[in-house]
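From first to last, the protein sequence lines are chains A and B.
Be aware that the first sequence starts at 1, since it is given in my numbering, and climbs by one per residue.
Be aware that the second sequence starts at 1001, since it is given in my numbering, and climbs by one per residue.
One or more hints might be untrue.
Restricting the straight-line Cα-Cα distance to at most 30 Å, the calculated cross-link-like pairs of lysine-lysine (DSS-like) are [to be verified]: (1) B:1284 x B:1306; (2) A:249 x A:107; (3) B:1477 x B:1217; (4) A:107 x A:199; (5) A:7 x B:1278; (6) B:1376 x B:1306; (7) B:1360 x B:1329; (8) B:1360 x B:1376; (9) B:1359 x A:7; (10) B:1219 x B:1339; (11) B:1217 x B:1278; (12) B:1360 x A:177; (13) A:177 x B:1306; (14) B:1376 x B:1477; (15) B:1359 x A:177.
Hints are computed from structural coordinates only; laboratory data are not their basis.
The structure displayed is predicted, hence computed values, not measured ones.
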Amino acid sequence: MASSRWKHALVVGASSGMGAEIARQLAAQGCTVALVARREAELNALAAELNRVRHGAAYTYVHDVTCFGEVPALFQAICRDLGGLDVIFYASGIMPPVAEDEFDFGKDRAIIDINLTGAVAWLNLAAQRFAAAGTGTIVGISSVAGERGRRGNTVYGASKAALTTYLESLRNRLSTKGVTVVTVKPGPVETPMTQGLGKMPFMITAPEAARQILAAARRGANNAYVPGIWRFIMAVVRAIPSAIFRHMKF
Amino acid sequence: MTTAVDKTPVLDVVPPAPTNGEAPASESVVALPLPMDRLEPVCSWGGAQGGMAYVYRPTTVQQIREVLALARERGVTVGMRGAGRSYGDAAMASENLSLQLTRMNRILEWDPDTGVITCEPGVTIRQLWQYVIEDGWWPPVVPGTMFPTLGGALGMNIHGKNNFAVGPIGEHVQWFDLLLPGTGEVVRCSREENTDLFHAAIGGFGVLGIFVAITLKLKRVYSGLLRVEPLAVPDLASMFRRFEERLPQSDYLVGWIDGFARGAALGRGQIHQANYLKPGEDPKPAQTLRVENQELPDTLFGVVPKGLLWRFMRPFVNDIGVRTVNTAKYWSSVRQHGKVHPTSHAGFAFLLDYVPNWKKAYGPGGLVQYQSFVPKEAAERTFREQLLLCQARGLPPYLTVFKRHRPDPFLMTHAVDGYSLALDFRITPRNRERVWALAAELDALTLAGGGRFYFAKDSTLHPSRLTDYLAEERVAKFLALKRRVDPEDLLQTDLYRRLFATAP
Chain A
1 MASSRWKHAL
11 VVGASSGMGA
21 EIARQLAAQG
31 CTVALVARRE
41 AELNALAAEL
51 NRVRHGAAYT
61 YVHDVTCFGE
71 VPALFQAICR
81 DLGGLDVIFY
91 ASGIMPPVAE
101 DEFDFGKDRA
111 IIDINLTGAV
121 AWLNLAAQRF
131 AAAGTGTIVG
141 ISSVAGERGR
151 RGNTVYGASK
161 AALTTYLESL
171 RNRLSTKGVT
181 VVTVKPGPVE
191 TPMTQGLGKM
201 PFMITAPEAA
211 RQILAAARRG
221 ANNAYVPGIW
231 RFIMAVVRAI
241 PSAIFRHMKF
Chain B
1001 MTTAVDKTPV
1011 LDVVPPAPTN
1021 GEAPASESVV
1031 ALPLPMDRLE
1041 PVCSWGGAQG
1051 GMAYVYRPTT
1061 VQQIREVLAL
1071 ARERGVTVGM
1081 RGAGRSYGDA
1091 AMASENLSLQ
1101 LTRMNRILEW
1111 DPDTGVITCE
1121 PGVTIRQLWQ
1131 YVIEDGWWPP
1141 VVPGTMFPTL
1151 GGALGMNIHG
1161 KNNFAVGPIG
1171 EHVQWFDLLL
1181 PGTGEVVRCS
1191 REENTDLFHA
1201 AIGGFGVLGI
1211 FVAITLKLKR
1221 VYSGLLRVEP
1231 LAVPDLASMF
1241 RRFEERLPQS
1251 DYLVGWIDGF
1261 ARGAALGRGQ
1271 IHQANYLKPG
1281 EDPKPAQTLR
1291 VENQELPDTL
1301 FGVVPKGLLW
1311 RFMRPFVNDI
1321 GVRTVNTAKY
1331 WSSVRQHGKV
1341 HPTSHAGFAF
1351 LLDYVPNWKK
1361 AYGPGGLVQY
1371 QSFVPKEAAE
1381 RTFREQLLLC
1391 QARGLPPYLT
1401 VFKRHRPDPF
1411 LMTHAVDGYS
1421 LALDFRITPR
1431 NRERVWALAA
1441 ELDALTLAGG
1451 GRFYFAKDST
1461 LHPSRLTDYL
1471 AEERVAKFLA
1481 LKRRVDPEDL
1491 LQTDLYRRLF
1501 ATAP
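Chain A with its partners taken away, still in its complex shape (with noise of 0.2 Å):
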């Protein structure tokens, strides 16, 4: 299906930040939208909004990512409730603070878990139905931080990394079936995630965000930076020697 005529879009991760600034704008251009989030008061909140707008707009579904055995279901179930499904976002992950000193084993599995793990179970419904049905777009919300191992946050550079491999043998896999697979790498966005952590360079705010990954989304991207700059700054930063990477404090 041509990505300008989405009508039934799955936005995992839709209480806050991108996620919701996605599910929000999908509304607006007319998709009827499933809300996937663990919080129920955020998720009613913006599902309220969103119907106020245009009745039937949004349904929400209140799951957290980590119940991997849950997904299968819910995810006939809201293909069932929308009447069929055109693309799917997951924009769930987590950043908690973590010293340079700090290795917390429960911490960086819950990272893995929600940002990567949660990933899998979704998009591999959404793979196999897409490749059956011969459509359908696959947006996966991970990270430039997966494009280097810093000093700080080890395991969420980590699971974006998986993520960002993840996503493209999901799209070497499938874009012979007619199904686009979309890696969105955002730099910092200005989300609940990045509160607290100050001004961070090339910020840009949550729903400028959104806009630029569903114009990739739309446009069939295969790799989309967040804002574009981000493509230049990490073509450099993956060129820097191991030997001086690992002496720089970023």
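Add chain B to chain A, keeping to what the hints say.
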């Protein structure tokens, strides 16, 4: 040694559910999922409506019951589908179970002396005529294509080019066995027993029960050929006049209209009248009745494989192309006027099968057909207004077919003592909304003329129109019957949900 009894292989209809490697966290709340590998595209035949469904193709009654049990257990519904030849969403079951009976296609009993045949529901019209023709029988009612199944044909209560003379296929059904979704029992329905179900399940678009055996009385023929006479008609009034004039002496009568012709030529086109041959008229019936001599040629001019033909048609399926082709076709019909020629039954009946996959010539957006059935008193005025409206909206129909009908005793009947006009529209992303808006305007004209609609064709009808054409008592009676035999509302199609979700 084991016996075959009780060894019927059971479908893996209740398979291990994909659970992502662990038990669902809240099994009581979240139902088990359906197997993802059952998910397939299940679209309208016209291709203008798409959808995905979990598809099951059982071969036994027991397996059908298992599919119903699965639906019940997983909290989903079941949509019946035969060959999927309904133009719109009548055989779609989006996001639910699609129960396709194409593999239940055995001919169970055949008596070549009486012409009575009992079939499973997946037997196609093609299988049927090819099986019986050499015994000198022909299905009494066939549609314009031979690919529908008998189950689908009964569900829609299809008609042919002889509807004015013999009624719909339901009138030739002696009895059928219907599996009731509520209890799972199979009941015999005929004009003597379970008559309410008999008259409602035929034309009940697959939501009352599941046909598992169907007995038909066929039509005796004395030749494999029909005598066909083409007649050119210069305008709509002549089309009606000629039809009325020819009706008493015709076995089949069908009109084609050039939807692009305007002004004085509005409604111009061609009529084909066909008649059976009487005993003795065909000197070699054993030969003309052979399947080989009925079949449509698989090449054009003896060289071009027909499978490729739609690709050549594709560049012409637009306003300019169809206008040109229609004009040429009309003037060629003027030259053929009155030239009687013999044609095989299959060659006359299955015009839509001449070009395999012709719908692909309409492009990826597909097509919809708008067909209305209007009583004879109002038909000419209504159809004139409909043709003018299509042209005024810049959406002339690419194929327009005209037929005569008569009332029948079935509850959800589409037929009237009058005429039908079928209009095919190409759907593109740009015109889609305009076609639906036009259809709503056409609906108003149809209803003003006291007309009806046909579920096998419908894509566009709005639920608010349902009781405008099917009297409210009929709809209420149908739904009361449905509640009786399917109290859980297990059988649902996209069309049922579209039109009946808000019904009384």
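How the hints compare with the structure:
| no. | hint | result |
| --- | --- | --- |
| 1 | B:1284 x B:1306 | holds, 29 Å |
| 2 | A:249 x A:107 | holds, 23 Å |
| 3 | B:1477 x B:1217 | holds, 28 Å |
| 4 | A:107 x A:199 | holds, 25 Å |
| 5 | A:7 x B:1278 | violated, 58 Å |
| 6 | B:1376 x B:1306 | violated, 38 Å |
| 7 | B:1360 x B:1329 | holds, 21 Å |
| 8 | B:1360 x B:1376 | violated, 34 Å |
| 9 | B:1359 x A:7 | holds, 25 Å |
| 10 | B:1219 x B:1339 | holds, 27 Å |
| 11 | B:1217 x B:1278 | holds, 20 Å |
| 12 | B:1360 x A:177 | holds, 20 Å |
| 13 | A:177 x B:1306 | holds, 28 Å |
| 14 | B:1376 x B:1477 | holds, 27 Å |
| 15 | B:1359 x A:177 | holds, 23 Å |
Hint compliance for this structure: hints 5, 6 and 8 are not met, and every other hint is.
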